[in-house]
Amino acid sequence: MSFSLLLSAGAAGDATSAQTWAAVAYLVAGVFFILALRGLSSPASSRRGNRFGMAGMAIAVVTTLLTHELANPVEVLGAIAIGAVIGIVMARKIAMTAMPQLVAAFHSLVGLAAVAVAAAAFLNPGAFGIADEAGQIFTVSRIEMGLGIAIGAITFSGSVIAFLKLNGNMSGAPIMLPLRHVINLGTLAGIIGLVAYFTTDQSPWVFWTVTGLSFLIGFLLIIPIGGADMPVVVSMLNSYSGWAAAAMGFTLHNTAMIITGALVGASGAILSYIMCRAMNRSFISVIAGGFGADDSSGAGGGAKEQRPWKPGSADDAAFLMSQAENVIIVPGYGMAVAQAQHALREMADLLKKEGVNVKYAIHPVAGRMPGHMNVLLAEANVPYDEVFELEDINNEFAQCDVAFVIGANDVTNPAAKTDKTSPIYGMPILDVEKAKTVLFVKRSMGGVGYAGVDNDVFYMDQTMMLLGDAKKMADDIVKALNGGGH
Amino acid sequence: MSFSLLLSAGAAGDATSAQTWAAVAYLVAGVFFILALRGLSSPASSRRGNRFGMAGMAIAVVTTLLTHELANPVEVLGAIAIGAVIGIVMARKIAMTAMPQLVAAFHSLVGLAAVAVAAAAFLNPGAFGIADEAGQIFTVSRIEMGLGIAIGAITFSGSVIAFLKLNGNMSGAPIMLPLRHVINLGTLAGIIGLVAYFTTDQSPWVFWTVTGLSFLIGFLLIIPIGGADMPVVVSMLNSYSGWAAAAMGFTLHNTAMIITGALVGASGAILSYIMCRAMNRSFISVIAGGFGADDSSGAGGGAKEQRPWKPGSADDAAFLMSQAENVIIVPGYGMAVAQAQHALREMADLLKKEGVNVKYAIHPVAGRMPGHMNVLLAEANVPYDEVFELEDINNEFAQCDVAFVIGANDVTNPAAKTDKTSPIYGMPILDVEKAKTVLFVKRSMGGVGYAGVDNDVFYMDQTMMLLGDAKKMADDIVKALNGGGH
Amino acid sequence: MDFIAIFSIFILACFVGYFVVWSVTPALHTPLMSVTNAISSVIIVGALIASAAAGSPVSKWLGLAAVVMASVNIFGGFAVTERMLAMYKKKER
Amino acid sequence: MDFIAIFSIFILACFVGYFVVWSVTPALHTPLMSVTNAISSVIIVGALIASAAAGSPVSKWLGLAAVVMASVNIFGGFAVTERMLAMYKKKER
Ligand SMILES: NC(=O)c1ccc[n+]([C@@H]2O[C@H](COP(=O)([O-])OP(=O)(O)OC[C@H]3O[C@@H](n4cnc5c(N)ncnc54)[C@H](OP(=O)(O)O)[C@@H]3O)[C@@H](O)[C@H]2O)c1
Ligand SMILES: NC(=O)c1ccc[n+]([C@@H]2O[C@H](COP(=O)([O-])OP(=O)(O)OC[C@H]3O[C@@H](n4cnc5c(N)ncnc54)[C@H](OP(=O)(O)O)[C@@H]3O)[C@@H](O)[C@H]2O)c1
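Chains as they are written, first to last, in the numbering used here: chain A, 1132 to 1617; chain B, 1132 to 1617; chain C, 116 to 208; chain D, 116 to 208.
Looking at chain A on its own, in the form it has when it is part of the complex (with noise of 0.2 angstroms):
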């Protein structure tokens, strides 16, 4: 196929065949971005699949330069110099604890950059090829531009919020405004009928009074969301930043915007999807707001009644996990937040050491963000091929002699598979019960998890709390084995 294409492109005269081969590129790196995303399906592919991204980039940005004279090629270099420098020093700095809201953060310059280039081929068109010669630009042009810039400003006011949410700089608990539910609906229809409206006037009023109304429904729509759902906020906006990417691509009928904004746009659908899907809640209810307002008030606990628990300490612990054969971490929130993920993996090497098989258990939506174990286990040089997946090691736990939950806690309550009335009812999980021992790390018999509810596991004849920080707790069992073992 691609000696056709030769062909024809050679037949075309000069012009004509510089743009086949612009638009070949952009397919190009289209596709090179398709197997970005593909070679994330194992760990062993996924930096060669983020080369191919790097490469892909690369290509629609030379190809762009190639394709359009710059008026001034120092102010337009330095731009990505300065954007380069920013962005690599933020990368390297970020801890790996604080993705959520490094990933928020990216997400505004996103919007906040679709926003720009929305306004500048509104106040441009020629440039953009998109109005005629009298100025008037196209009906579907004004529609994608409209479209472009409202998920755009959607996407920018969101994201700071949500930022500023996950960052602790505002309070996580859900703002509920009076009547926000007329003045959302209000908000969102004025912004569709001026986009309608748009096609015919394309009057600065209109489409700066669209740019406005969508900055306002950002923030509106985020604010009422309590701080522990924002990571199904950060996906949703990221689906969202994709399809302004999308909407772009048809204004400049740019392939890779187009398949680029298409892959953006369902990973974050997906990954909203899966966080819902696990947490047993729906979508709309997390939209809606107001639920899981606090990580760690704990204000849900509801009626405690006084159980009896058996406490443990380093030591007990120490003794038990060096005794078994099997052993099996789950780790959760707690241990993110604790950063104990260094000490916990130096207390894996000795046990391993005695000869005891440890493997970790990650349920889907452990932590806050899809995937926030695993990449945080990756720092602590945890070998990929000890970390399963629920499916894979779920019924492992009935044959193993002591299962090590650190700082999680809804992930292995069993309510959710015996009380219809409990909130995560329906949601998958961890069978830790079922093993011989089990160990319970977190703060206090009070706090509870994301979810607000009791965790029938610690009143259980075979569970042993040992209560204190996670990353307290781990080095003194790693100062307990070391000590037993001389």
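Just so you know, these hints were derived from the structure itself, not from any lab. Wrong hints could be hidden among the right ones.
[Unchecked claim] Here are the simulated SDA-like pairs of lysine to any residue, each with C-alpha atoms no more than 20 angstroms apart in a straight line:
| # | chain 1 | residue 1 | chain 2 | residue 2 |
| --- | --- | --- | --- | --- |
| 1 | D | LYS206 | A | GLU1520 |
| 2 | A | LYS1484 | D | LYS205 |
| 3 | D | LYS204 | A | THR1147 |
| 4 | A | LYS1224 | D | GLU197 |
Using the hints, position chains B, C and D with the ligands against chain A.
Showing chains B, C and D with the ligands alone in chain A's frame:
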């Protein structure tokens, strides 16, 4: 998006509007074809998928009829009706065991239809909008047309040979012409050279010579391939018929055809790959031909020492299995040949009535066609949730009391795991040798399977050989079970 | 549509084909063969165009022959697929 | 390219996106978020066109601002992904 689409269609003139709608309809047809294959991801959704396929085809046909003025509607509709009657009668009457032949026969029709369409387009290019006013066919279209007719012709003649070999009208033995590689390469080079020359000279002789040579190469390529390798060939031809459709889609700028072509092309290629991988042979070696002379020839048996083995009767088998807790049935090619699936199902039903837990284990290339065993078992009313793929059941053999192997051989041969010199070394295998007792149904100790090698499991202590035709043996076991039950 | 647009559609369709075929369960590989057979007869579109066109009678008759062959495939392919799929049943509980 | 061609490309790309994202292993969902972030900055193409064009200075400066923001994302996104992926290691044997 469909909104702006409407607008753009509405804004344009009437002819363009019709064209736009036709393009949308063809896109919808293409999407429906994607959903048709998507439906096959599970038996539960598969029938809905097939309906999507039918709907997509109906949309494509109706759109074409509406956008082209029919010179003589009666003829066209009559042609469709004739085809419909023949097709439906064939589909009704065919035995499930004859599916490979049927698929080969259908492929030959697709190939011939592609040839006829390409020839019609060559004779009347104006009707296809692929020629300028002087009657000169566009360069790109010439290449597409040349490729289309070449692939179509190869698909036709290759499928005819495959059909004749599979249907037993022609010896399954590979027919080796002297100098065949030279002849093949020469013919191929001739085709490619003439297609290139066709871009400069659209004389009929060029076109018809390409056609003739392509028919020839189809015969030449398939004749040296043994009958047992035909499934890989059929899949490969399936893939070709897809690429032929895609080439016609390029000529006609038709999205439905391009999407379909890519789907079918991918499907055939992937199925060929799966078969070759599961047989641990390279695609090239299959296509180069000469292996697997005849299914049941047993010629390749090699040096056979006389090793001791244990014979058994239907009564023994009935007793052993009715006493067992878990029985895993492993069907293979011999079950298909003997049409033993119904008797087998009856046997399993009786065992289940006695409280035995019965499952079926299917190797990816058991039988002679991908999914061969599954469709036969389904025909015999075996529920598909009792039928397991290799990776899902392989570790259950160690816990099962009886592995009942009926007409399978290669797919149970442990030499694939241990003997580096075996032709099947490296192929994944069902671990029947781990079962407490193995029952092996086949006709003789001498008869080997497709790969022509002996199987160590026959001579193991826990193995009992049940020599006889698969259907007869299953019937006898049923009788014994019934007799024993009273 | 210009060539590059069609080519882009083709490339993306190849990706879709790759993914969608791998998502087919092995138990349904035989119906997969017969249904791809049926849908590849979408070249009936070309056959219909040829048979509808005035101008060359040979071309028209070639078109009509192709219509017959493609519809054998379409109806036969979908019908035999339907027949096979109807046989796949779940356990009654 | 006409609208319908672009629209077809978009629809097929959505299918590709759907399949390719489901093929990502859950262990790499965090890098998936950061890499999609990086590639969504392909809108830098639009930003470059705006900043290259003569005519409207406001438009040019908006374009340049967008170039800066998009490149923060591109370089930051790919770098942080690379950093994360480098941490995923197999057991040494
Ligand atoms: N991963 C995602 O994508 C995602 C997205 C949105 C929502 N979620 C939700 O997040 C939850 C995740 O479950 P999970 O089991 O990982 O966490 P969890 O249920 O939220 O429980 C966290 C546990 O860690 C303890 N903890 C907190 N800080 C600690 C520290 N410094 N040291 C020791 N323990 C500490 C808490 O108890 P104390 O306070 O007593 O210490 C609590 O029991 C699920 O409900 C899920 O639906 C996940
Ligand atoms: N499924 C595919 O897509 C495909 C495609 C191409 C090739 N293949 C190849 O086909 C083979 C399939 O393996 P398989 O285990 O199913 O079959 P196999 O290895 O070919 O063995 C068939 C067995 O059935 C016995 N048999 C034949 N007719 C019988 C009858 N009427 N009653 C009872 N037994 C009968 C034969 O022994 P007797 O002669 O002694 O009876 C033989 O042992 C593999 O090697 C695979 O690579 C498969």
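Hint by hint, here is what the structure shows:
Between LYS206 of chain D and GLU1520 of chain A the CA atoms are separated by roughly 17 angstroms; this keeps the pair inside 20 angstroms, and the hint holds. Restraint check for LYS1484 of chain A and LYS205 of chain D: satisfied, since their Cα atoms lie roughly 18 angstroms apart, inside the 20 angstroms limit. A distance of roughly 48 angstroms separates the Cα atoms of LYS204 of chain D and THR1147 of chain A; the hinted pair therefore is violated under the 20 angstroms criterion. Distance restraint check for LYS1224 of chain A and GLU197 of chain D: the Cα-Cα separation of roughly 14 angstroms lies within the 20 angstroms cut-off, and the hinted pair is therefore satisfied.
Checked against the numbered hints above, the structure breaks only hint 3 and satisfies the rest.
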